[in-house]
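Trainee: Start from the sequences and build out the full structure, keeping to the hints where you can.
When the count follows our numbering, it moves up by one through the sequence shown with no breaks and lands on 150 for the last residue.
The set of hints was computed from the structure by calculation and includes no laboratory data. In this text the structure is predicted, and so the values were computed from the model without any measurement. Among the clues, some could well be false.
[Stated by the list, open to error] For lysine-lysine, the following DSBU-like pairs were computed, each having C-alpha atoms within a straight-line distance of at most 35 Å:
1. Lys20 <-> Lys39
2. Lys3 <-> Lys117
3. Lys117 <-> Lys39
4. Lys87 <-> Lys3
5. Lys117 <-> Lys20
6. Lys117 <-> Lys25
7. Lys3 <-> Lys39
[Said to hold, decoys possible] Computed Cβ-Cβ distance ranges for the label pairs, DEER-style:
8. Ile52 <-> Glu102: 13 to 23 Å
9. Ala36 <-> Val111: 12 to 22 Å
10. Leu57 <-> Phe84: 31 to 41 Å
11. Ile52 <-> Cys7: 34 to 44 Å
12. Leu107 <-> Glu63: 17 to 27 Å
13. Glu78 <-> Val134: 35 to 45 Å
14. Phe84 <-> Pro8: 13 to 23 Å
15. Glu137 <-> Pro8: 23 to 33 Å
16. Asn120 <-> Lys25: 34 to 44 Å
For glycine and all other residues, C-beta sits at the position ideal for the given N, C-alpha and C.
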Amino acid sequence: MKIKRCPIIFNNVISTKSKCRMDKWYLIARDLRNAVIKNGLYATGPVIYQINKVDLFENEAEYTFYLPINEQISMTENDKYSFQDKWSFGDALVYRHADLEEDINLSYNVLRVAAKDTNLVLQEPFFHIYLDVYGEGIIDIFAPIVEEG
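Mentor: In structure tokens:
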């Protein structure tokens, strides 16, 4: 169990929000990536997402997806996509959730315990960096540090 402490910085990030079934989040991520490609751009990093407003009864949640792209873009305000030149957190704890079959809440708790043990306050909900490694998915969970002491 290795927890890293580091900043998280991505440039030229496009994002979108969507409410969907918790077992179908990847479809929204795929649609975001396809929209980027359709507009002559390409991703320069992994899909990052955050889960909010979880409804276990309906098995739905609100997801915000972030995708670094190859260049700055000018985008008119709209309710589907937004763009940030720089998306960063100066300090965060990062923990690798390597087995997607395991309950991710166990990994969340590892971060919470580590933060408590070192007198850190973390921003929740946490962010997830989805990585495709040799055809298998793994998730780096990152938790921005909002207070130390």
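Trainee: For each hint given before, does the structure comply? Return the numbers of the non-compliant ones in rising order.
Mentor: Of the numbered hints, 3, 7, 9, 11 do not hold.
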